[in-house]
Amino acid sequence: MSNNRRDFIKKGSSLAAALSIGAVGASASAKNAIPLPAQKVPWPVLEGPDTPKMTMNVGHNDMSSKVRAIKQFGADYVHMDAPALPWTQAEIQAIVDRFKAEGLSIINHRIILPPSILHNMAGRDEDIKKVQDAIRITGKVGIPVIEYNFYSHRLREGYYNSVGRGNARYLSFDYNRKMPNPADNNWNEPRDRRADEMQFAASELKATEAEPATSEEQFWENITYFLKAIIPVAEESGVKMALHPNDPPPPLSRGSAQPMGSFAGWKKLLAIVDSPANGMTFDCGVSTEIGENAIDVLHYMAARNRINHMHFRNVKVEIPRIKYTETYPDAGQVNMFAVMQELVRAKYKYGVFAEHPPGNIIDKERGGDFIGYIYNQAYARGVLQSVLTLEQGYKG
Amino acid sequence: MSDNRRDFIKKGAALAAALSVGGGGIAEASSLIAEDTEKWGNVKGKMSQIKIAGQITPEPTPETFAFYNQMGINQAVLWTDAKKSSGEYYGSRKKLFADNGINVYGFGNNDVHNQDKLVLNLPGRDEKIEEYKAHLRSLGKAGIGYTTYAHMGNGIWHSEVRGKARGGADARDFNVNAPHYGKWGDNVYHEPLSHGRRYTRDEVWANFKYFIQAVVRTAEENNVHIGIHPDDPPIPEMAGVPRLFTSFEGYKRALDLANNSPAVGLCLCVGSWMEGGDKLGKDAVGMIDYFGSRERIYKIHFRNIYAPLPHFIESFVDDGYTDMYTIMQALKRNNFKGVIIPDHIPKMDGGPNVGIAYSIGYMKALLNRVNAEV
Chain A
1 MSNNRRDFIK KGSSLAAALS IGAVGASASA KNAIPLPAQK VPWPVLEGPD TPKMTMNVGH
61 NDMSSKVRAI KQFGADYVHM DAPALPWTQA EIQAIVDRFK AEGLSIINHR IILPPSILHN
121 MAGRDEDIKK VQDAIRITGK VGIPVIEYNF YSHRLREGYY NSVGRGNARY LSFDYNRKMP
181 NPADNNWNEP RDRRADEMQF AASELKATEA EPATSEEQFW ENITYFLKAI IPVAEESGVK
241 MALHPNDPPP PLSRGSAQPM GSFAGWKKLL AIVDSPANGM TFDCGVSTEI GENAIDVLHY
301 MAARNRINHM HFRNVKVEIP RIKYTETYPD AGQVNMFAVM QELVRAKYKY GVFAEHPPGN
361 IIDKERGGDF IGYIYNQAYA RGVLQSVLTL EQGYKG
Chain B
397 MSDNRRDFIK KGAALAAALS VGGGGIAEAS SLIAEDTEKW GNVKGKMSQI KIAGQITPEP
457 TPETFAFYNQ MGINQAVLWT DAKKSSGEYY GSRKKLFADN GINVYGFGNN DVHNQDKLVL
517 NLPGRDEKIE EYKAHLRSLG KAGIGYTTYA HMGNGIWHSE VRGKARGGAD ARDFNVNAPH
577 YGKWGDNVYH EPLSHGRRYT RDEVWANFKY FIQAVVRTAE ENNVHIGIHP DDPPIPEMAG
637 VPRLFTSFEG YKRALDLANN SPAVGLCLCV GSWMEGGDKL GKDAVGMIDY FGSRERIYKI
697 HFRNIYAPLP HFIESFVDDG YTDMYTIMQA LKRNNFKGVI IPDHIPKMDG GPNVGIAYSI
757 GYMKALLNRV NAEV
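Protein chains in written order, with my numbering: chain A, 1 to 396; chain B, 397 to 770.
Think of the hints as simulated: they come from the structure by calculation, not from any bench.
Treat the hints with care, since some could be wrong.
[What the hints assert, rightly or not] Straight-line Cα separation of at most 27 Å, DSSO-like style, residue types lysine-lysine; simulated pairs: (1) B:Lys-605 / B:Lys-675; (2) B:Lys-560 / A:Lys-100; (3) B:Lys-743 / A:Lys-100; (4) B:Lys-605 / B:Lys-648; (5) B:Lys-675 / B:Lys-579; (6) B:Lys-560 / B:Lys-579; (7) B:Lys-479 / B:Lys-537; (8) B:Lys-733 / B:Lys-648; (9) A:Lys-364 / B:Lys-743; (10) A:Lys-100 / A:Lys-130; (11) A:Lys-178 / A:Lys-364; (12) B:Lys-579 / B:Lys-529; (13) A:Lys-66 / B:Lys-743; (14) B:Lys-743 / A:Lys-53; (15) A:Lys-228 / A:Lys-130; (16) A:Lys-53 / A:Lys-347; (17) A:Lys-206 / A:Lys-178; (18) B:Lys-560 / A:Lys-66; (19) A:Lys-323 / A:Lys-268; (20) B:Lys-560 / A:Lys-53; (21) A:Lys-100 / A:Lys-347.
[Claimed, not checked] Chain B stretches covered by chain A per the calculated footprint, using a threshold of three residues with CB under 8 Å from any CB of chain A: (22) 552-564; (23) 750-761.
Bear in mind that the values here come from a model prediction, so they are computed numbers and not experimental data.
Just so you know, even glycine gets a beta-carbon here, dropped at the ideal spot from N, CA and C.
Can you make the complete structure from the sequences, with help from the hints?
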């Protein structure tokens, strides 16, 4: 489709040339004009090989109606929840081809690691072998990035719905908040809350058999073993790994340490194997939730070429790691322009996902979070285009 | 209120010399309701006064309000027709919207807009002018300071076929060299002659002068600003009917005919203006620099197209041939205080709110961007 679009523009301009109708120049004439980019940037600004790329989430079984909507939102890339391991190359190639036919490239896919790898349990080496095979297949089908998580438990129990702009449904997190009357929550959080745990704050919850408590030491042992086994394969295969930080990032999650909820932990992770293939998902929301300046985190990771995926969302933090609210992108404390500008300057070239949209009234009626995603996506695209205009224009 | 009116008239008289802002109408309409957006975009206090407005049904449901509130919108423009037009109705809408956190910046009336009786001096012209003045008085009574007017004798023109925007979204298409028709309300117009004969430009200018001079005083007295919308498409003549608002010079002449009263300015649809390519004397940025610096632009229709005439298709706001960021920059540097609305959005899958949310999200990003510039 992006080819069609270019064809269309080409056709349009040759038609215009034939009829001697030129394009409007964006020249500023007023005496008080602020300087425009020295070199006129071709418009529309399209993503290039060395720019960030807007991406939206798909399932590997998603059908063309959803895919068509994604094209309309101006995304040429998707990131995908991959099928369960193990895969065959033919299976993944068929998925790549199906999206390709709709004009969409898969910029990364997310795999789920089994407990054997997360907790050093029986079968770990066999399962690591499956991941290595998946990395090789990923390289062969031309998907540049694999995203993964490495935690025992995600502490969703601390989430609750709060009232945002225009009574929008915001997602808040509070480590110490006691469960209110569940009937008060007429939207979708908290969920997965056991009846016998209703009276507890998220900070008081204990580990379960399925998700045992992992100490900080065990975490580092397990992830080091994993990375040392898979990063060389990723390097050989031309694939980059992106570890998503702990989100939410409180100190303990059902008794498990959360090293991936701190900047120090991220630095340590990147040092385990010193390779661009050993990277992370840079999340400007989580970076802010843990009390850091998102731009500092970005600079640290980008300088080491370790940002392999990116989550573009905003937040208002009351107590770092403990209490915060996710907001509309234009309503939080993160300067989203600065984030995008630094990504562009770092020549970050993978996906930008404008995620976690607040719940919109229309979505409340129809279910899902479709309109919320559109708003976030359009905002991020506007930010990206104006940053590209600014940066590329001043280069000339 | 009567003090405001006197003030407005006084300022109007002084305006030709002083180029000061016109009166209480716009100032009142632009009073901002608390804005939720974080002020990190506001570097060194240079936040612009550009406001994004929704074009919203005058008969909203609670869900309508919730949707716009959540999009962070606190300004609206509404449209109705002769059946409902009255001071009471406008006032009731103003209050209803204000109770829901949204200021009614402007109100249009489809039955006194794009009227061939006015453009071509057809029987019933003076009654139409009276109807227009009643509309202005109703706005004054309701304390609404803005209304859009267009002087198209045979409507807005479309190709017989629809176009496709990105992702196959259904979009308006117009092609000079393919079958097309004009439309306003229930009236449909065709080439070669929509009204039986070819009218001269002088006739249509005389009719515009007759109309605008008949209503400008009433607009001033009622603190109402009239924004004239470009003829869409901006082709000098369609089906035998000349179109005046198809060039920079046309607008200049029109404002002269209105005695340069601040009650008469522009509703600049930048999309319509892009349709004209380089044929209109100034491009959209040039129009904003000229008329915006003179405080005569009251509303912007913020949309984009893929290529200019002779054949255009409307695009998503980020996907057309114009860098909309340059439009937003021009509004900022000219200290534009009016509203910008999302307009003519290709039909995104999922219903009308989808495209509105997309356009608003994008516009907010550009607005935050220009507000961040020092």
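Against the structure, the hints come out as follows:
1. B:Lys-605 / B:Lys-675: Measuring from Cα to Cα gives roughly 24 Å; hence the hint holds.
2. B:Lys-560 / A:Lys-100: holds, 20 Å
3. B:Lys-743 / A:Lys-100: At roughly 23 Å apart (the allowed maximum being 27 Å), Lys-100 of chain A and Lys-743 of chain B satisfy the hint.
4. B:Lys-605 / B:Lys-648: It holds: about 13 Å lies between the C-alpha atoms, which stays within 27 Å.
5. B:Lys-675 / B:Lys-579: holds, 24 Å
6. B:Lys-560 / B:Lys-579: Roughly 20 Å separates the two Cα atoms, so the pair holds.
7. B:Lys-479 / B:Lys-537: Measuring from Cα to Cα gives roughly 18 Å; hence the hint holds.
8. B:Lys-733 / B:Lys-648: Holds: Lys-733 of chain B and Lys-648 of chain B sit about 21 Å apart, inside 27 Å.
9. A:Lys-364 / B:Lys-743: Distance of about 21 Å is within 27 Å: holds.
10. A:Lys-100 / A:Lys-130: holds, 26 Å
11. A:Lys-178 / A:Lys-364: holds, 25 Å
12. B:Lys-579 / B:Lys-529: holds, 24 Å
13. A:Lys-66 / B:Lys-743: holds, 15 Å
14. B:Lys-743 / A:Lys-53: Distance ~24 Å between Lys-743 of chain B and Lys-53 of chain A Cα, so the pair holds.
15. A:Lys-228 / A:Lys-130: holds, 15 Å
16. A:Lys-53 / A:Lys-347: holds, 11 Å
17. A:Lys-206 / A:Lys-178: Since the Cα atoms of Lys-206 of chain A and Lys-178 of chain A sit roughly 15 Å apart, the hinted pair holds (cutoff 27 Å).
18. B:Lys-560 / A:Lys-66: Answer holds: Lys-560 of chain B to Lys-66 of chain A is near 18 Å, not above 27 Å.
19. A:Lys-323 / A:Lys-268: Holds. Lys-323 of chain A to Lys-268 of chain A sits at ~25 Å (cutoff 27 Å).
20. B:Lys-560 / A:Lys-53: Holds, because 24 Å separates the two Cα atoms, which is no more than 27 Å.
21. A:Lys-100 / A:Lys-347: Holds. Lys-100 of chain A to Lys-347 of chain A sits at ~25 Å (cutoff 27 Å).
22. 552-564: holds (count 4)
23. 750-761: With 10 residues in contact (Cβ-Cβ under 8 Å with chain A), the coverage given for the region 750-761 of chain B holds.
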